[in-house]
Amino acid sequence: MAHFAQIENNLVTQVIVVDNKAILDGSDNESEAVGVQFCADLFGGTWVQTSYNGNIRKNYAGVGDTYDATRDAFISPQPYPSWVLDETSFQYEAPLALPSDAVKNGGDTKYRWDEATLNWVALVD
Amino acid sequence: MALQSSGAISLNNVNVELGNSGTASINMGSAAVRDLFGVASGAISLSDGYGASNGYDISYLVIAGGAGGGGHYYGGGGGAGGYLNSYASESSGANSTSLTSITTGSGIVYTVTVGGGGTTGVALWSLGGDGSTSSISGSGLTTISATGGGGGGGGGGIAIVAGRAGGSGGGNSSYLTTGSAGAGTSLQGYAGNVGNTLAGGGGGGAGQLGNTGGVLGGVGGYGLASSITGTSTYRAGGGTGSNFDNHDFTSPGGLGGGGVGGRGGTLDLCPGNGVTNTGGGGGGRLGIWTCSGAAGGSGVVILRMPTSNYSGTTTGSPTVTTTGSDTVITFTGSGSYTA
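Chains A and P are the protein sequences, given in the same order.
Residue numbers 0 to 124, in numbering that gives the first Met the number 0, belong to the letters of the first sequence in order.
Residue numbers 0 to 338, in numbering that gives the first Met the number 0, belong to the letters of the second sequence in order.
None of these hints come from the bench; they were simulated from the model.
It should be emphasised that the depicted structure is a prediction, and the values quoted were computed from it without experimental measurement.
The beta-carbon is built from N, C-alpha and C at its ideal position, and this holds for glycine as well.
Some clues are possibly wrong.
Stretch-level coverage of chain A by chain P, calculated; a stretch enters the list once three of its residues show a Cβ under 8 Å from a Cβ in chain P [said to hold, decoys possible]:
#, stretch
1, 11-17
2, 33-47
3, 59-66
Could you put together the complete structure from these sequences and hints?
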């Protein structure tokens, strides 16, 4: 199955499923252009293909995400004003790396981000 | 629309009932008119057409995309997609009364939208994404629209990561603080539920409230069973919340396609996606960073009608089967049916 995102003012408003057979071109190859036209004929509007597994355009599109045409990527909303976009993963990352004892780094301490102090705060179970 | 039951019926009325232009040429002795009026042979008059209808009923099951599970830590399960059912007096979403089927005339085009599943919560404390709407629209029909499942809450119960409302609501985790789960949409699905200190709450299903998290993640709420395809199948189960780190057990996904919750400990189990074309919610994430996450399952739209009325005109490559005297059109992708 293929997935297509409807875009309005660069925002994703819905993500729909389209059968792979509906996006075949004259040579029986899957074609984004055919899929986009199929969606436009059915619903109108502007459509961009996305991938459930994140294989194209960096991330699977979600409702409320931004489609950045320049980067050709779907980007989730910025969680905090201080977080910056990683230009490889196209995910927002904190401006400060997680401490070395964080779970992500193999430790057992869990942290949450505190935007007021722009720092990680350890959580105590 | 049936022809009127009294007064003068015009040829224009008969044409429209047959799906023709009102001004088209028409022969009262034609097979189409005789079929419509129920007069196989002999004399035929316009009054024979009182109450005659060329229409037929289409039963439907519309399920929106399920939501993604919440992100680290102890994310809540995603809510199932909204569930709308008109088939054979079966329950509709949130165990509500079966809906009224579509009564159609020939030539009407019904556009079918199949909503995608929501994204997983990736970053720390992030929400799962909502599922997308599935719907049926067409001339003379109030659009039948099922709401996408509500995203599972990410990690602890801080306000920005509480489970979201949706067709069924997203579960939440109460990690160290009090969180809230997402509400379900009336007549479509149930709310999610809250977690416990170290376990995410279950996402709501079409047939049951999400379960609370305890030591284990809260199991997603049940979906509902429908036999619209000829086989009883559960769909639209909620995603399950993530487990406490040190328990080597897994909580299954909500019956009907909900994703299993993630967990740590020695199993290091990644959460499961909602099952494709069930509208199931995705499982919540734990602190396993190599997991790719748990997105919601895509939705589905199923139509069922007497085979004698099935037109054979579709777009979008749905699967067409028969069961008994009925034809079933299963749209796992968007498309249309022309009655």
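Checklist line | Hints violated by the structure (numbers, ascending) | finding: As far as the earlier hints go, not one is violated by this structure.
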